[in-house]
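K.L.:
So the protein sequences, as listed, match chains Z and L.
By my numbering, the letter at position 590 of the first sequence is numbered 590, and the numbering carries on one by one without gaps.
By my numbering, the letter at position 41 of the second sequence is numbered 41, and the numbering carries on one by one without gaps.
Please keep in mind that the hints were generated in silico from the structure rather than gathered at the bench.
Glycine is no exception: its CB is placed at the ideal position from the N, C-alpha and C atoms.
Watch out, some of these pointers could steer you wrong.
As the list claims (entries may be wrong) - Label-pair ranges, simulated between beta-carbon atoms: (1) V198/L x E535/Z: 40 to 48 Å; (2) V169/L x L351/Z: 40 to 48 Å; (3) E195/L x M309/Z: 43 to 51 Å; (4) K175/L x P372/Z: 33 to 41 Å; (5) G91/L x L567/Z: 44 to 52 Å; (6) V169/L x M309/Z: 43 to 51 Å; (7) K584/Z x V198/L: 52 to 60 Å; (8) K118/L x T56/Z: 50 to 58 Å; (9) L558/Z x K175/L: 32 to 40 Å; (10) K118/L x I322/Z: 30 to 38 Å; (11) D402/Z x D119/L: 34 to 42 Å.
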Amino acid sequence: MSTSDVLLDAPGKKVVLMGNEAIARGLLEGGLKVAASYPGTPSSEILRTLITIGGTYDIYTEWSVNEKVAAEVAISASLAGLRSMVSMKGVGVNVASEPFQAFTYMGARGGIVLVCADDVGCHSSHTEQDNRFFAREAYLPIFEPFDPREAKEMAQLVLKYSEEWAQPVMLRITTRIAHTSADITLGEIPKEKRKGDFNRLPNRWVNLPKNARRMRKELILRMKNIAEAQNTLSFNRIEGNEDAEYGIIASGISYGYVKEALDLLGVSQNVKLLKIGTPYPLPDALVEKVLTGSKKVLVVEELEPFVEMQVRALANKQGILISITGKELIPLDGELSVHMVKKAVSKFMELPTPKEPNEFEKFENTASQIIPPRPPVLCPGCGHRSVFYAIKLAERKYKRGDKESKGFIKPSDIGCYTLGFQSPLEAVDVNFCMGASIGISSGFSKVIHDPVVCTIGDSTFFHAGIPPLLNAVFNRSDITVIILDNRTTAMTGFQPHPGVGITASGEETKMISIEEIVKACGVELVKSVDAYDLEELVSEIDEAVKHKGPAVIITHRLCRMLELRELRGKETISHMSIDYELCKDCRICVDRFGCPAMYIIDEKVAIDPNLCNGCGVCTQKQVCPKGAIIFCEAK
Amino acid sequence: MALKNFDMLLAGVGGQGIIFAGQIIMETALRQGHRVYGFEEHGMARRGGTVASHIRFGEDIYTPLIPLGTGNLLAAFEPVEALRRIRFIGGESTIILNTRSVVPVSVSTQSVSYPEIKDIIGLLEGHSQRIHSFDATSLAEEAGNAIAMNVVMLGAICASKTASLPREVMMEVIKSRSPSYSQKININAFEKGFEEFVKDK
Ligand SMILES: Cc1ncc(C[n+]2csc(CCOP(=O)(O)OP(=O)(O)O)c2C)c(N)n1
Chain Z
1 MSTSDVLLDA PGKKVVLMGN EAIARGLLEG GLKVAASYPG TPSSEILRTL
51 ITIGGTYDIY TEWSVNEKVA AEVAISASLA GLRSMVSMKG VGVNVASEPF
101 QAFTYMGARG GIVLVCADDV GCHSSHTEQD NRFFAREAYL PIFEPFDPRE
151 AKEMAQLVLK YSEEWAQPVM LRITTRIAHT SADITLGEIP KEKRKGDFNR
201 LPNRWVNLPK NARRMRKELI LRMKNIAEAQ NTLSFNRIEG NEDAEYGIIA
251 SGISYGYVKE ALDLLGVSQN VKLLKIGTPY PLPDALVEKV LTGSKKVLVV
301 EELEPFVEMQ VRALANKQGI LISITGKELI PLDGELSVHM VKKAVSKFME
351 LPTPKEPNEF EKFENTASQI IPPRPPVLCP GCGHRSVFYA IKLAERKYKR
401 GDKESKGFIK PSDIGCYTLG FQSPLEAVDV NFCMGASIGI SSGFSKVIHD
451 PVVCTIGDST FFHAGIPPLL NAVFNRSDIT VIILDNRTTA MTGFQPHPGV
501 GITASGEETK MISIEEIVKA CGVELVKSVD AYDLEELVSE IDEAVKHKGP
551 AVIITHRLCR MLELRELRGK ETISHMSIDY ELCKDCRICV DRFGCPAMYI
601 IDEKVAIDPN LCNGCGVCTQ KQVCPKGAII FCEAK
Chain L
1 MALKNFDMLL AGVGGQGIIF AGQIIMETAL RQGHRVYGFE EHGMARRGGT
51 VASHIRFGED IYTPLIPLGT GNLLAAFEPV EALRRIRFIG GESTIILNTR
101 SVVPVSVSTQ SVSYPEIKDI IGLLEGHSQR IHSFDATSLA EEAGNAIAMN
151 VVMLGAICAS KTASLPREVM MEVIKSRSPS YSQKININAF EKGFEEFVKD
201 K
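Using the sequences and the accompanying hints, generate a full structural model.
P.N.:
Have a look at this one:
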């Protein structure tokens, strides 16, 4: 929890660490030398922690430009005989897919792990994708811990395991493990100093079809040997009553829910419980043992029936004819809970339906009616708000000129600015994956007459925005792209990117100019604007929309949260207030601009000095035509 | 210790220092030799979003989430947040409530209203027998900074004795985890929260 704890060279000492910190520590103890990642909740703290460790223990760390590149950086370390890791959020695996699909044929030299943080429950992601299927596809053995302590143990082991089996592996966690803190016992930090070396082995490192055919056979054999060894790993074990007629198989965090549910139901001794820590390859011998000794078996796992399908296939193969239940009782979507598992186990064991504790559901119905929602919002002072506001102004102007038009089509991308969909801004119409805004816009421009004006953040532009921009130039798409440069990856916790000029470990590096990239892509109309300057923004959007072919506007403003962090203690921040002599109560500010610092009290607009971050955008005539919003002295 | 396991929920909004408070409690519990779990919401919890920390300690705990309707203590750093998370708390529980509200943007931009504090307390009384409500934010202001409200709440949690976390140990942890410029304020804030709870009893 404190950065110094994770660094301690004190074997046996217990400290409180968050799951992601525990994984970083485990990897350090496992001899990690190279770590690369692209930020994404719930994975970001893994590399963040490794960055703080890296200097002391000689680990190279980097925030890569995207997950594919991060994977390639980690893979090259493995080729050079060093132990490496690449971490990402679940959807990042889609981007990193290709290098792993190919690399798995070659096999690892230095141990290598892909740490994949799936977001069961969509806490902060747009899909619940179950990447155990990806791992199966790419032949990556999966380690799936049930809690942060086991995550640490697994992290400590996987690099050695990967190296011994010459196979890249996946450590698959979910949000509940990534962001849970627990008491973690520190282990030894290896003192061995390894240097990278590369041996030219063209039959292995050059993936020609002829090599691929041979290596695929080797891969299949490797996996067969790994599968046999899985039965002896302590992460897989049978607990409870070995003679019980009920068998339960639980993978990852589900093991914890089952343990507590059985305890609450008082039936722990009526069940044999197979805890799965490696859902692929599955420890077949243990599964078979449970199947043959039981009358009925229940498989408990979150999301897809990944283990269940394998269990059913195994039963079928061995001709074991018992009842197997899984997704009939366990939902496919969302996170499990002790409560849900308790219900499912009661049904499975034909126990009386458990009583709802404390009638909380009835109570909640009354309470929920009076709870006001707290949706996440763009912060006060956010430069994205004023850009969205300007887009809407330009759109209104356009519609006045073309009465037939339904207005702009406004695709957007992934970042804080996705929140621009909310009222009153409503400046985002479509959004689905990193970099898609520009590709989607190109497509729209070919099939719909209305102007297309899309928004994309700076980090997202570097990650996946450049190829679609090239495509728009190549295919003469008539679109306006607004790149929102706030000099950081804000959404995921302010990580640097190529436009920032510093690396993960804080070293200075070349600051890449977005303008130069855009021009080099062949875009002819390229404008740079201050993200707070409404008049300039509107006039540039007007011009860009009229322009034939792709036009790009780059809006600049350091993320206000980051700026305030830097100013804290150095400078006092002024805030806005209302001059009620001038205010005509038109409510444009509250109804259209939607800054969280503005509110209505006693039928009048007011500005909360504690929330206002002093950006002053609202003092412009486009937000307050009467000039009634004024700067106040420092708060 | 009377209880086998102890489950505590901290509820509030982004920027109220819930994560820090949770870390202090976990560290104190660790120093008492407990096994601990604490789930922190990080995801979308930017300014103004809701935040909760599930903290559990004891031997027979395997998951970080408090099973519905069983939590022993709810510390709500903001009134409506108590209602939002009440489903995790059991009837035999203690609720510590900061009565100072943080009105969400939805109240000014959509047509929803913020409930009266007395109605919130009324509802909570229908759920739990022991409710201690007080303005923790103003005590923090008295201690030197409204930001220290989380530490005032820690004082009250400690004084409630529900979790058997010794005062000296928690104070020690707070001292070791506070940056030097906020140490004095935090110690003050902790004492104020502690005294307030004892007085109220
Ligand atoms: C493939 C993929 N990787 C990572 C993420 C996590 N993620 C969400 S938003 C974001 C980037 C935000 O940065 P930027 O585009 O600069 O916008 P900002 O939040 O700074 O406004 C990232 C990396 C994701 N959603 N998808």
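K.L.:
Which numbered hints does this structure break?
P.N.:
Those not satisfied are hints 1, 3, 10 and 11.
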